[in-house]
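Trainee: Chain residues, written in single-letter form:
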Amino acid sequence: MTALVLPLARFLFGALTVAVGHGTRVFLVLSAVVDAVLIAGMCTVLRGGACTVTFGGWKGLGIAFSIDIISAAMAALALTLSVAVTLYTWRDRMRPSIAALLHLLLGACYALAFTKDLFNVYVLFELVTLASFLLVGADRRPRQVWASLRYLIFSSFALSVFLFGVAVVYTHGNALDLDAVAAAVARSPGASWVHVAAALLVTGVAVKAGVFLFALWLPLAHSQAPPAVSALLSGLVVKMGVVQLFRLSLAFPLGVPLTVLGILTALLGIVYALWAHDAKRMLAFHTLSQIGYLLVGFGAGSEAARFGVIDYAVAHGLFKALLFLAVGEAAAVVGSSRVERLVAERRLVPRGTRVALAVAILGIIGVPPFAGFAAKAVVESGISSVVIRIFVFVVSAGTVASFAKLWPVVFARSSVRTAPPRAAAYGLLGTAVVLFLPISRAMGPAAVWAATLRGSAYVEALAAIAVGAAAYAWSRRRGPRLPERLFRLEEGVLVVLAGFLLVYALLRGS
Amino acid sequence: MFGWQGVAAAVVLFGIGTLGVVLRRDLVVKLLALAVVNSSAILCLVSLRVRPAAGPPLLGAGATPVMADPLPQALVLSAIVINFAVLALALVFVMRLVEQYHTTDSHRIDRRTRDEDAE
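Those sequence lines, one after another, are chains F and X. If you read the first sequence in our numbering, its first letter stands for residue 869, the second for the next number, and so on. If you read the second sequence in our numbering, its first letter stands for residue 7, the second for the next number, and so on.
So that you can see chain F by itself, here it is in the shape it has in the complex (with noise of 0.2 Å):
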């Protein structure tokens, strides 16, 4: 019952932010409180096992939601980002339109996050999209506005060709919950109408889950956003496109187009990020290598790959969401996001910013023991192949590399004390990664813990730091041109259709 009541929640919460227009704090800090409780519940149900619950079972037509260790990872994950959130817009006053979109926002993700339905993924993608459109457009500013309009239309495509996925499966499979269309996939393995679907399918949800060839709107609308919305879009909403994508590679044999996607993904990111003179645009290509990482991990097919990935996308979304609100203030700050004038007038970033955004960067480029280290090491001891493996090191090694740029920030005497509210913001996030390997020890399988962190894992983990800053020194003395056309809205949506034929021929020829 707590996977129904922990959206709706947030959805009547939001309705009373806007009904009562006042006492916004008071609304998001009452919502927080619930959705504790409730998640605390659930984690209890979880102890005695998965389960489904399907409401509305109209011969077997209702919509499944299921409690599982995915979907309270990432209940937990969108919690902790909301409280951090609140936290570091506490003394900008948020107006309770802006509060409402954001109960709305987390109710859809809550919700996404336990559905099975693939209809009901449709709808909630859409809510999704229009909150996160209004949020990234919010200030009115015209290229914030562009962004989100580039998003928006995307968004819309991709979903109508998911909605086209949605109408094969119905009519081949005869069901829309994803265990009952996988049954239907089993018994017909090979079937020309399972690779048009899972090809319509993957391109829907691909778009929304930052996949390259879909998501080429992506670096401009989480560049564009204001901090704490680039926040949450990158820590959170593009990680309901990834647990989407996880739900239909259970049900799809989806492991080669997953990989091959995924490798492409991860390549354009670091290749872009390398080269961004952009922090927050950086950052936002980030987010694309990351999510590459990630599907190289589903593609692998393992338990311990699987729980990785599960592993993985929650540190990203605690650390990358760190690290767009602490270089979110810092650019605010300084008044440009360009790394050289962020490095170069860093006095004035306040101390405790620069903690955070220290913690935050040994999270993402792994440093043992933080986030990062704890959860790559589970993917990679998933990972047999040796040629995924050594492309998971250069991937890991790039990382270090681009983040390298933003290292001095980190280093400066200023005495600028950090507002307390964004102090605790920063606590909140930081904590989480620095803590990230006991919390998910406790939570996830002893044996793969055990066939993880090995002395290996420890000098993989320092290797790739040291390829990476070496690779820094070397990318420093050369700056290609990388094409920009790529993430005009024209040529994006010709792309999509382009990764739409990609996938369909990999299921084909695999």
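I should point out that these hints are in silico values taken from the structure, not numbers from a laboratory. These figures come from a predicted structure and were not determined experimentally. In this text, a Cβ means the ideal position worked out from N, Cα and C, and glycines have one as well. Keep in mind that a hint or two might mislead.
[What the hints assert, rightly or not] Not everything, but these chain X residues come out facing chain F in the computed CB check (under 8 Å):
id : residue
1  : ALA47
2  : PRO78
3  : LEU83
4  : ALA85
5  : TYR107
Following the hints, put chain X in place on chain F, whose structure we already have.
Mentor: Just chain X now, kept in the frame of chain F:
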């Protein structure tokens, strides 16, 4: 025009709409083309499950031996409402862009925002 003809029409409409989104530079026309794409998905959803000579999905008096599948129709209703909301909000944002840049040309707006970025 039901069943497979409907699906064929949906695919053609999807193609036309996509061409509109890609080729037309006027944002209002682009959004209308997007609406065509969205409608094509809806047409596909209702046409795929057409049963020839089916009656309305009602039990009790007036029930026919073959009933139309009610589920796609229910789904389509939600999809139509969502698409309406998307289009309306997108047009509001276009209005805001026109206020600022005095054009609905997507290439020009793209260039103007990029120039502002460079400053």
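Trainee: Go through the hint on PRO78(X) and say holds or violated, using the shortest Cβ distance to chain F against 8 Å.
Mentor: Holds - the Cβ of PRO78(X) comes within 8 Å of chain F, reaching about 7 Å at its closest.
Trainee: Holds or violated: the hint that ALA85(X) contacts chain F, with Cβ atoms closer than 8 Å.
Mentor: holds (6 Å)
Trainee: Hint ALA47(X) vs chain F: min CB-CB distance below 8 Å?
Mentor: holds (4 Å)
Trainee: With a cut-off of 8 Å, does the beta carbon of LEU83(X) approach a beta carbon of chain F closely enough for the hint to hold?
Mentor: violated (11 Å)
Trainee: Min Cβ distance, TYR107(X) to chain F: is it shorter than 8 Å?
Mentor: holds (7 Å)
Violated hint: 3 only; the structure is consistent with all others.
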